[in-house]
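S.K.: Quick mapping for you: the protein sequence lines, in order, are chains A and B. Sequential numbering from 0 applies to the first sequence in numbering that gives the first Met the number 0. Sequential numbering from 0 applies to the second sequence in numbering that gives the first Met the number 0.
Keep in mind the hints are simulated off the structure, nothing from the lab. Idealized CB from N, CA, C, for every residue including glycine. Possibly wrong hints are sitting among the right ones.
[Claimed, not checked] Heads up, incomplete: computed chain B residues facing chain A, CB under 8 Å, no partners named:
id: 1; residue: A47
id: 2; residue: M62
id: 3; residue: V98
id: 4; residue: E99
id: 5; residue: F102
id: 6; residue: F120
id: 7; residue: T178
[Stated by the list, open to error] Using C-beta positions, here's what the derived DEER-type ranges look like:
id: 8; chain 1: B; residue 1: F207; chain 2: A; residue 2: A73; range: 48 to 56 Å
id: 9; chain 1: A; residue 1: A73; chain 2: B; residue 2: L83; range: 20 to 28 Å
id: 10; chain 1: A; residue 1: R67; chain 2: B; residue 2: S103; range: 15 to 23 Å
[What the hints assert, rightly or not] Just a sample of chain A residues kept apart from chain B, beta carbon distances all over 12 Å, derived:
id: 11; residue: K74
id: 12; residue: E91
id: 13; residue: E105
id: 14; residue: G115
id: 15; residue: K118
id: 16; residue: L130
id: 17; residue: A136
id: 18; residue: L148
id: 19; residue: L168
id: 20; residue: D172
id: 21; residue: I176
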Amino acid sequence: MLLDTFQFLAVADVAVEGEGPLGEILRKFHVSWPSFIAQWVNFIIIAVLLKKFAFGPVLGILEKRRARIAGGEAKLAEIEKQLAESERRTEEVLGKANADAKRMIEEAKLSATALGERKTQEAVASAQQILAKAEEAAKSEREQMVTELKKEFGRLVTNTTTQVTGKILTPDDQSRINEEAIAKVS
Amino acid sequence: MSFFARFSPFFGRFTLQCFFLFLLSGGAFAAAAEGEALPDHDHLPAHAEEVFNVLGISITNSMVMVWVVAALLIIVAQVATKDLKLVPSGVQNFVEWLVESLFSFFEGILGHKLAARTFWFLGTIFILILVSNWFGLVPGIGTVGWELTGAGVDSHDRYRPFFRGANADLNLTSAMALTFALMWFYWAFTEIGLKNFLAHIFAPKGEFKGIVLVLMGAIFLFVGLIEVLSIAVRPVALMFRLYGNVYAGESILETMSVMNVPPLLKWLPPLPFYFLELLVGFVQALVFALLCAVFIKLMCAHEHEEHDEHHGDEAHGEKPASETT
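Just chain A, same shape as in the assembly (with noise of 0.2 Å):
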């Protein structure tokens, strides 16, 4: 069968007298210019119709998309960038507060420490002031006291001379018998 078919293609068409290799190969397999056009422009057809319909508008939502990822890839690494710088920052922030705390511990501490060295030092002294007072005070009244008790002394005794001698005396005997008991009390 096969055997036929090439026996066919090569016996078929009877060559043309004159006709060239290139004239007898267009004859054999039917090539002709109304047949090439026709099949040319059925080419181009399909060609633009598919640049139109499918290539382009592919491309064009691949692209699309293409630019979609890149500017989400894009973005995700400026947000990592931001999210990098934010770190940095937070953590100088932290550092920094961290130290200003620790130092603002040690200020405390020793402005805590100076503090109540001062007011342990005005609280003794502010009960030596108290106490130097009190003593003071209580000098004072126990003179005034002495000086009341020896009065009403003289008194006394001057009221018990009067009243034993019946006698009136005058201010200078009451002055001197006052000071001589005050002198014979102290």
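Dock chain B against chain A, hints included.
M.R.: Okay, now just chain B, sitting in the frame of chain A:
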């Protein structure tokens, strides 16, 4: 004419085509009816045959096939891109996968800029050839037709199919190859210029001086002439390679279909070749498109590499050497 009564001499092939579609459609396709007496058709013609005539223009069965494939491609493209979504699904997902895979494939060969310029052509070539080749295995293609009667009819060829494998017509393969040739030169001239184009072919490669330069110039002039011949032959090779492979496949399938076996086993001889044709259909589409891409790359490569290097330098914040000196 009695159309569907003349399923064959290819009843076995038609049944097998139905079997293939049955497999592809998950069993939804009903088996074909049994054919009647077979008209004579002991070979597959080397050319497409006229199905009807419009205003003196012969419409061949391969043209009809191209229209069917074109309609299918356009419908799929329309369905896929009618309501494009950023998160694809269904047909859009499949078409995006196909287009993206193809673009990445050609981008790997040509670079992004040149791939973007030429993709409409390379993508069309690959998809059209692939779908045409595989569509030739669908039931009815090459197997449903009518019987020619009357005087002047070749007694060995009384059967005329409605459809014929689109690439088993040299008119289509030559149209694609010559379109490639035209676009090839256009892309080359616009990418590297006429001077670089000629230099690329004829100029000595390397730095020579004195008498060596004269000798090498003569040698490279001769090499350039061979290169011109090679360039001229490439589109011709493309068209005949595709046509030859597809026509050979069609011939084998037809030949196997009319093997002298019991009627119930008519489907058996062509069966292995259907799997082979699935592979050949893909490989031929890939070879045609790949060769086109490689030819484009060879012609436009130098200038592009320089451009890419420059772009790369600029992208890294460095000036090209010509600007820094």
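S.K.: Work down the list of hints and note, for each, if the structure agrees.
M.R.: Checked hints:
1. Hint status for B:A47: holds, given a least beta-carbon distance of 7 Å to chain A, under 8 Å.
2. At about 6 Å, the closest approach between the beta carbon of B:M62 and any beta carbon in chain A falls short of 8 Å, and the interface hint on this residue holds.
3. At a threshold of 8 Å, the smallest CB-CB gap from B:V98 to chain A is about 4 Å, leaving the interface hint in force.
4. Hint status for B:E99 relative to chain A: holds, with the closest Cβ pair at about 6 Å, below 8 Å.
5. Hint status for B:F102: holds, given a least beta-carbon distance of 7 Å to chain A, under 8 Å.
6. This hint holds: B:F120 has a C-beta 6 Å from the nearest C-beta of chain A, less than the 8 Å allowed.
7. Given hint, B:T178 at the interface with chain A, holds; its Cβ is 6 Å from that chain's nearest Cβ, closer than 8 Å.
8. At roughly 50 Å, the beta carbons of B:F207 and A:A73 sit within the given window of 48 to 56 Å.
9. Between A:A73 and B:L83 the CB atoms are about 24 Å apart, so this pair conforms to the stated range of 20 to 28 Å.
10. Taking 15 to 23 Å as the suggested C-beta distance range, the pair A:R67 and B:S103 conforms, at roughly 18 Å.
11. Non-interface status of A:K74 relative to chain B is upheld: no Cβ of that chain comes within 12 Å, the nearest being about 16 Å off.
12. Taking the minimum C-beta to C-beta distance to chain B, about 31 Å, the non-interface status of A:E91 holds against the 12 Å cut.
13. Against the 12 Å criterion, A:E105 stays outside the reach of chain B, whose nearest CB is about 51 Å from its own CB.
14. The claim that A:G115 lies off the interface holds: its Cβ sits roughly 66 Å from the closest Cβ of chain B, which is beyond the 12 Å cut-off.
15. Taking the minimum C-beta to C-beta distance to chain B, about 69 Å, the non-interface status of A:K118 holds against the 12 Å cut.
16. For A:L130, the condition that its CB be more than 12 Å from all CB atoms of chain B holds, with the nearest at approximately 87 Å.
17. Chain B leaves A:A136 outside its interface by the beta-carbon criterion, the shortest separation being 94 Å against a cut-off of 12 Å.
18. With a cut of 12 Å on Cβ distances, A:L148 stays outside the contact zone with chain B, its closest approach being about 112 Å.
19. At roughly 130 Å, the least C-beta separation between A:L168 and chain B is larger than 12 Å, which holds for a residue marked as non-interface.
20. Distance check on A:D172: its Cβ is at least 130 Å (rounded) from any Cβ of chain B, clearing the 12 Å threshold; non-interface status holds.
21. For A:I176, the requirement that its beta carbon stay farther than 12 Å from each beta carbon of chain B is met, with the minimum near 126 Å.
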